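Line by line, the protein sequences give chains Z and Y.
Everything in the first sequence is counted per my numbering, starting at 9 for the first residue and increasing by one.
Everything in the second sequence is counted per my numbering, starting at 8 for the first residue and increasing by one.
Bear in mind the hints are in silico, worked out from the structure with no lab data behind them.
Source: prediction; values computed, not measured.
Among the clues, some could well be false.
Claimed, not checked - Using 30 Å as the maximum straight-line C-alpha spacing, the simulated DSS-like pairs for lysine-lysine come out as follows: (1) Z:K13 with Y:K349; (2) Z:K415 with Y:K169; (3) Z:K464 with Y:K293; (4) Y:K283 with Z:K125; (5) Z:K125 with Y:K288; (6) Y:K369 with Z:K447; (7) Y:K202 with Y:K349; (8) Z:K415 with Y:K326; (9) Y:K86 with Z:K415; (10) Y:K293 with Z:K405; (11) Y:K202 with Z:K415; (12) Z:K452 with Y:K369; (13) Z:K464 with Y:K218; (14) Z:K464 with Y:K349; (15) Z:K415 with Y:K288; (16) Z:K415 with Y:K135.
Here's the letter readout for the chains.
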Amino acid sequence: MTMKKIIISFIALSALLGALLSGCTDSAPSGPTPGLGGTTVTKYVAIGNSLTAGYQSNGLYESAQLYSYPNMIAQQLVTAGAPLAAFQQPIYSDPGIPDPLTGKAQRYEILSFTDPKNPVIGPKGSTPGSPTNSTLARPYDNLGIPGIPLAGFIDTTGTYQSAPLGRDAILRWTTNALLGKSVFRQVAVLKAAGQTPDIVTFWLGANDVLGFATTGGTKPASPTSTTTFAFLYKQALDTLRATLPNAKILVATIPDVRAIPFFTTVGPKMAAGIPAGLYLRYQKHGNSGLAFDSTRLTESSAPLITLKGSAYATLLGQKTGKWYKDNAYPALPAGIDTSQAFGFHPQNPWPDALTLDAGEQTNAIDYVYTFNATIRSVAALDNAGVFDAYSFFNNIKANGYSIAGEKYTADYISGGLFSLDGVHPSSRGYAIVANEFIKLMNSKYGMSVPYVDISKIPGIPMPLGKYAAGAKVAPSISLEAWKSFDALWGSGF
Amino acid sequence: MIGTAVAVGGGFQLNEHGARAMAQGGAFAARASDASAMYFNPAGLGFQKGRSFYLGTTFIMPKSSFFGPLQNNSNEETKMVDQTFTPINLYGTYEINDQIHVGIGVSNPFGLGTEWPEDWSGKFISTKIDLMSFFITPTVAYKVNEEMSVGAGFNIVTGDVKIRRVVSDPFDPHAKAAIDLSGTGYGFNVGAIYKITKELSAGASYRSSVKLDATGSANFDPARSVYPIGDASASLELPATAFVGVAYTPIENLEVEADYQYIGWSSYDKLVVEFKKDGSKTESPKNYRNTYILRFGGEYTMGDFQFRAGYLLDRSPVKAKYVEPLLPDANRNGMNLGVGYKINEQFSVDAAYMFLKFDQRKATGTEVNFDGTYNNSANLLGVNLSINY
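In isolation and in its complexed conformation, chain Z is listed as follows (with noise of 0.2 Å):
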């Protein structure tokens, strides 16, 4: 043979196996394929307060809101082929709806990161957004009304929807008649139009407890009562059922409030700064002079400090009145000498309104875990799918939210889940969020809705500068910045 004939016959037989074998390769492997599994999905509405419009960070606005659970649900559900119309949610322009006392809007930013440990968060001062798409000619499909207790679900009156001053600035824009006064009529006015809802998702309840918790337990001073939220939820609940007899109804509990970095931020970082032999002094429940309990704040039963509580843990020690002139108190309590030590004296103890005492606390644990009860057992009679975000939010403060070579966690700004007003999720929390309710889509109607991607999902627009990560965070938050988010839970202004 020649070297000719022989090297042609290597390549050739090189080729041959080659492209033998590289046809050897491996199919692809058998896995979730996207899909609806027979379900029908044209519609798909959601129900719920300032955790379903998609507020973050004491704000409604735009690039929030693209990141609202219901918006990134619908989004997953047309990835599974769902023939849905596009996603309407009254949208608001970043950045995003005004504060109604400054006019300015009210979304928190970061203004300053100087001190890492301590960054200076609030409103920037912008002009504020507008309405986008006011005129819609329908209701929209994310019927989530920042603000509304459950209450507000059924309720004709407008009590919830109109005034006080706080909710006007989100509703004042929402001004077609069909979401007149109730967030049930918009089903109803659906219903109507030919467009009933396949899916429901109706996550309310979470207003009737955290005004309480967030103001410390001022106001209001006792979470909505037991019996009533019990006659509530049934009541909406059965009339939704009714209204859709067909619809796949997905309800969530209440996340226990310490779950969340708004009561668990600033008492660590305080606990630290408190000297040895010294103890807080501090206001119990419906205090507002001289009576206190004291804590190391370590104790299993020491009290929670808010969020709020931060731009005055710095002045622990001081002789300072700060906290009576801020609240523009008429004239100092009986008892109180504020030339005394601030939070370490008897006499100018830490604010009741800053603290969630162990009875406090008790007393909102015991709220929720009734108020889930009766979730749970009115949805079970409805027929309607449970998302426990009950449990789900405490696995994550506990265990942390490990995924795709990430751990994310319920800590303040470091953890990722929350946003800057420590209640309301970050776009990363909501997208979670959103894939615990299509996984019980998923699980309890055979279908295969595909989850979304979070390492897609953006992060908190963050100027460049220090940032100590890991660490507990403690921010500075004025009280004016406050006064919009108390607005939130019916307290404000």
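Mind docking chain Y on chain Z? Use the hints.
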């Protein structure tokens, strides 16, 4: 983070060190009859004559796909970016006298890389990694008698690694991390060949583990001051490996060999990268297990030509829980073909082709919470030039 890469031997080991041996499944320790003996079995030098160079490279073209991640309820395919790798092998031998032979070799026994699309769902684990190590091996062999030879070599090792991934922190935009490290280490290898009969020979060799202390820098973009920007270091132990083989000449002009190669991967239990700026460390558990490769090959001489074929079975050192996109490893089957041609007394060429097929690997319950299935295969082409002078 560093040090793991797709590769064409179990873990990130490479076993392509000469087209002649490659064509025979790398079953060469009992014969080691060319200069690549400096890799397979230094004792082989003892039976060689004269002076020679053996120079070559291997073109490695891996193909990899990931299906998932299951954490996103997804079975979507992500294809690894196509890359071609060219580990080299250069050997020079010199006969001092009939009994003593020396040589020096340069090869890449560990290396390669993986690259995934920059914005893929595994970007917080890895987007790109490149690992390369050079072994410079001065070797000496001593022919004890016509039946037996022993050899030893000293390994001077350099290693280089580049890691790229995306950092997820609470802020926007995601920062990109780039870690570049290099280091040196030392090791040795020893071997012996015993010609039991004219037809039958046995060989064994051992190469020690090499501890590489690598230093370099970590950079992040945007350069937020929370990140440990600046000097970084990592320590990596390249595993020890041992070959045991038997070669047989059943008929004239035909040699066949079977080898068992053991690799002590259990020394690679975790990978720690330290950052000088704040003394922080990232630690990722690897928990590799000791493993082996079975090699079979043969060579048929016909005039100026030699035709070769081989097969290898390579067991993965990576346990199921630790399979990740940095190194999507699995058990492998390699099918080899090759040819050698003697041009004249001075020159000959060898060419080899290998198709390396990985088992499809489904990884669930992974340490990095990134479950899914990996499909892998690779085409390899080796060429070598042999010069006797």
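We went through each hint and held it up to the structure:
With a CA separation close to 15 Å, the supplied pair K13 (chain Z) and K349 (chain Y) stays within the 30 Å bound. For a cut-off of 30 Å, the pair hint linking K415 (chain Z) to K169 (chain Y) stands: about 24 Å separates their Cα positions. Straight-line distance between C-alpha atoms of K464 (chain Z) and K293 (chain Y) comes to about 27 Å, which keeps the hinted pair within the 30 Å bound. With a CA separation close to 22 Å, the supplied pair K283 (chain Y) and K125 (chain Z) stays within the 30 Å bound.
Pair hint K125 (chain Z) plus K288 (chain Y) holds up; C-alpha atoms about 21 Å apart against a cutoff of 30 Å. For a cut-off of 30 Å, the pair hint linking K369 (chain Y) to K447 (chain Z) stands: about 22 Å separates their Cα positions. Of the supplied pair hints, the one linking K202 (chain Y) and K349 (chain Y) holds, its CA atoms being roughly 25 Å apart against a limit of 30 Å. Between K415 (chain Z) and K326 (chain Y), the direct Cα distance comes to roughly 22 Å. Compliance with the 30 Å bound is thereby established for this hinted pair.
Distance check on the hinted pair: K86 (chain Y) and K415 (chain Z) sit about 25 Å apart at the alpha-carbon level, within 30 Å; holds. Between K293 (chain Y) and K405 (chain Z), the direct Cα distance comes to roughly 28 Å. Compliance with the 30 Å bound is thereby established for this hinted pair. Under the criterion of a C-alpha separation no larger than 30 Å, the hint pairing K202 (chain Y) with K415 (chain Z) is inconsistent with the structure, at around 59 Å. A distance of roughly 27 Å separates the Cα atoms of K452 (chain Z) and K369 (chain Y); the hinted pair therefore holds under the 30 Å criterion.
Restraint check: the Cα-Cα separation between K464 (chain Z) and K218 (chain Y) comes to about 39 Å, which exceeds 30 Å; the hinted pair is violated. With a C-alpha separation of about 58 Å, the suggested pairing of K464 (chain Z) with K349 (chain Y) is violated against the 30 Å cut-off. Pair hint K415 (chain Z) plus K288 (chain Y) holds up; C-alpha atoms about 16 Å apart against a cutoff of 30 Å. Proximity of K415 (chain Z) to K135 (chain Y) is assessed by CA-CA distance (about 21 Å); at most 30 Å being required, the pair is judged to hold.
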